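Visitor: Here is how the chains run, residue by residue.
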Amino acid sequence: MSTAMNFGTKSFQPRPPDKGSFPLDHFGECKSFKEKFMKCLRDKNFENALCRNESKEYLMCRMQRRLMAPEPLEKLGFRDLMDEKPEAKDK
Amino acid sequence: MGGFWCRGWRSVALCGRCWRPPAWPGRSVESAERGLRRLGTWKRPSGARGPAAQPPRRPASSNPFQRAQEDEWRRRNKTVLTYVAAAAVGMLGASYAAVPLYRLYCQTTGLGGSAVAGHSSDQIENMVPVKDRIIKVTFNADVHASLQWNFRPQQTEIYVVPGETALAFYKAKNPTDKPIIGISTYNVVPFEAGQYFNKIQCFCFEEQRLNPQEEVDMPVFFYIDPEFAEDPRMVNVDLITLSYTFFEAKEGHKLPVPGYN
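For the record, the sequence lines run as chains A and B.
Residues in the first sequence are numbered from 1 upward in steps of one, following full-length UniProt numbering.
Residues in the second sequence are numbered from 1 upward in steps of one, following full-length UniProt numbering.
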């Protein structure tokens with residue numbers, strides 16, 4: 001919601017998130033996963049592409065603890081990681 | 001008759017604008033007027049009809065057939081007028097009814113007021129990251145003056161590419177001794193890039209309750225639409241700033257939530 005109250009300018013329209021709101025993690029159940037993710041980010045110079053495994057782990061933790069609606073990870077954009085995983089399992 | 005006319009004309013020619021020459025009072029004026037009338041500059045007296053005459057307003061015709069025709073015309077005019085008036089009222093009503101009807105349409109089709117159909121999970125599943133376009137996303141956290149939370153992002157920036165889902169964290173702490181409920185909204189700068197910024201899940205627009213002395217991590221799961229890389233207006237955009245602002249949610253207060261929920 002931009003504060004420039006001009007008549008002609010288009011103002012920013014915030015959109016609701018696609019899957020709604022994350023329930024709050026009051027008991028810190030997934031805090032360790034979050035710490036791992038943050039550490040990875042700091043090590044890799046805040047590049048998201050290199051820390052996708054950790055973010056996947058965090059979301060899986062949330063789903064297991066009922067802090068997030070369970071959903072197949074491909075639908076969350078982790079399809080490339082899912083394709084690698086069976087290969088890693090074989091090894 | 002000709003002489004009469006000639007005299008009048010002469011009086012006009014002799015004195016120009018002056019209608020009352022000293023030698024010829026009143027009478028010459030009359031003759032001048034009559035002369036002009038004959039020339040056709042003044043209105044013809046009623047009774048004489050020209051080729052393009054309009055039907056008289058008053059029912060002055062004594063002819064019964066003409067009167068019937070006039071009645072017919074009058075009746076038709078009334079019908080047409082009624083139709084036109086009904087159409088005008090109908091248009092006015094339709095413009096008032098359009099608002100709830102559009103809302104209903106948006107609810108049924110799920111478009112939620114946006115011109116473009118919402119991004120479904122199929123799109124997320126199939127989108128391909130555009131690896132050559134790296135965008136820096138910086139995070140900003142704000143709190144309304146009346147809200148006593150400590151709210152800040154846990155990373156200052158993150159480098160993403162369009163089409164790749166990313167996770168970011170904010171942290172909020174309630175340092176007071178009573179539970180506080182907050183509700184947040186967000187903003188994305190630059191404005192045009194904000195349309196490509198899609199949040200899969202976050203913590204905005206819903207009341208979040210923090211107990212006394214509680215500290216929580218608030219994640220934001222988002223991605224930038226791959227079409228961002230194809231938009232010519234976005235060629236120079238390398239930095240997107242995501243800004244969250246928390247407000248205090250008061251009892252009984254209902255904040256306007258975007259979309260037609």
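Honestly, I wouldn't trust all of these hints.
What the hints assert, rightly or not - Keeping only pairs whose Cα atoms sit at most 30 Å apart, straight-line, the calculated DSSO-like set for lysine-lysine is:
| no. | chain 1 | residue 1 | chain 2 | residue 2 |
| --- | --- | --- | --- | --- |
| 1 | A | K75 | B | K250 |
| 2 | A | K19 | A | K39 |
| 3 | A | K75 | A | K36 |
| 4 | A | K31 | B | K171 |
| 5 | A | K39 | B | K136 |
| 6 | A | K44 | A | K75 |
| 7 | A | K75 | B | K171 |
| 8 | A | K75 | B | K136 |
| 9 | B | K131 | A | K19 |
| 10 | B | K250 | A | K19 |
| 11 | B | K250 | B | K171 |
| 12 | B | K250 | A | K36 |
| 13 | B | K131 | B | K178 |
| 14 | B | K78 | A | K19 |
| 15 | A | K19 | A | K75 |
| 16 | B | K78 | A | K36 |
| 17 | A | K44 | B | K178 |
| 18 | A | K39 | B | K173 |
| 19 | B | K250 | A | K39 |
| 20 | A | K44 | B | K250 |
| 21 | A | K75 | B | K178 |
| 22 | A | K19 | A | K44 |
| 23 | B | K178 | B | K136 |
| 24 | A | K19 | B | K171 |
| 25 | A | K39 | B | K171 |
| 26 | B | K136 | A | K31 |
| 27 | B | K131 | A | K39 |
| 28 | B | K173 | A | K19 |
| 29 | A | K36 | B | K131 |
| 30 | B | K173 | B | K250 |
| 31 | B | K78 | A | K31 |
| 32 | A | K39 | A | K75 |
| 33 | A | K44 | B | K171 |
| 34 | A | K31 | A | K44 |
| 35 | B | K171 | A | K36 |
| 36 | A | K75 | A | K31 |
Since the hints were made in silico from the structure, they are not lab data.
All values reported here derive from a predicted model rather than from experimental measurement.
Visitor: Against this structure, judge whether each hint is valid.
Guide: Outcome of the hint check:
{"no.": "1", "hint": "A:K75 / B:K250", "result": "violated (36 Å)"}
{"no.": "2", "hint": "A:K19 / A:K39", "result": "holds (27 Å)"}
{"no.": "3", "hint": "A:K75 / A:K36", "result": "holds (23 Å)"}
{"no.": "4", "hint": "A:K31 / B:K171", "result": "holds (12 Å)"}
{"no.": "5", "hint": "A:K39 / B:K136", "result": "holds (19 Å)"}
{"no.": "6", "hint": "A:K44 / A:K75", "result": "holds (26 Å)"}
{"no.": "7", "hint": "A:K75 / B:K171", "result": "holds (26 Å)"}
{"no.": "8", "hint": "A:K75 / B:K136", "result": "holds (24 Å)"}
{"no.": "9", "hint": "B:K131 / A:K19", "result": "holds (26 Å)"}
{"no.": "10", "hint": "B:K250 / A:K19", "result": "holds (25 Å)"}
{"no.": "11", "hint": "B:K250 / B:K171", "result": "holds (22 Å)"}
{"no.": "12", "hint": "B:K250 / A:K36", "result": "violated (36 Å)"}
{"no.": "13", "hint": "B:K131 / B:K178", "result": "violated (47 Å)"}
{"no.": "14", "hint": "B:K78 / A:K19", "result": "violated (59 Å)"}
{"no.": "15", "hint": "A:K19 / A:K75", "result": "holds (11 Å)"}
{"no.": "16", "hint": "B:K78 / A:K36", "result": "violated (82 Å)"}
{"no.": "17", "hint": "A:K44 / B:K178", "result": "violated (39 Å)"}
{"no.": "18", "hint": "A:K39 / B:K173", "result": "holds (21 Å)"}
{"no.": "19", "hint": "B:K250 / A:K39", "result": "violated (37 Å)"}
{"no.": "20", "hint": "A:K44 / B:K250", "result": "violated (41 Å)"}
{"no.": "21", "hint": "A:K75 / B:K178", "result": "violated (39 Å)"}
{"no.": "22", "hint": "A:K19 / A:K44", "result": "holds (29 Å)"}
{"no.": "23", "hint": "B:K178 / B:K136", "result": "violated (38 Å)"}
{"no.": "24", "hint": "A:K19 / B:K171", "result": "holds (21 Å)"}
{"no.": "25", "hint": "A:K39 / B:K171", "result": "holds (15 Å)"}
{"no.": "26", "hint": "B:K136 / A:K31", "result": "holds (25 Å)"}
{"no.": "27", "hint": "B:K131 / A:K39", "result": "holds (23 Å)"}
{"no.": "28", "hint": "B:K173 / A:K19", "result": "holds (25 Å)"}
{"no.": "29", "hint": "A:K36 / B:K131", "result": "holds (24 Å)"}
{"no.": "30", "hint": "B:K173 / B:K250", "result": "holds (18 Å)"}
{"no.": "31", "hint": "B:K78 / A:K31", "result": "violated (79 Å)"}
{"no.": "32", "hint": "A:K39 / A:K75", "result": "holds (26 Å)"}
{"no.": "33", "hint": "A:K44 / B:K171", "result": "holds (21 Å)"}
{"no.": "34", "hint": "A:K31 / A:K44", "result": "holds (20 Å)"}
{"no.": "35", "hint": "B:K171 / A:K36", "result": "holds (16 Å)"}
{"no.": "36", "hint": "A:K75 / A:K31", "result": "holds (24 Å)"}
Consistency note: the structure conflicts with the earlier hints numbered 1, 12, 13, 14, 16, 17, 19, 20, 21, 23, 31.
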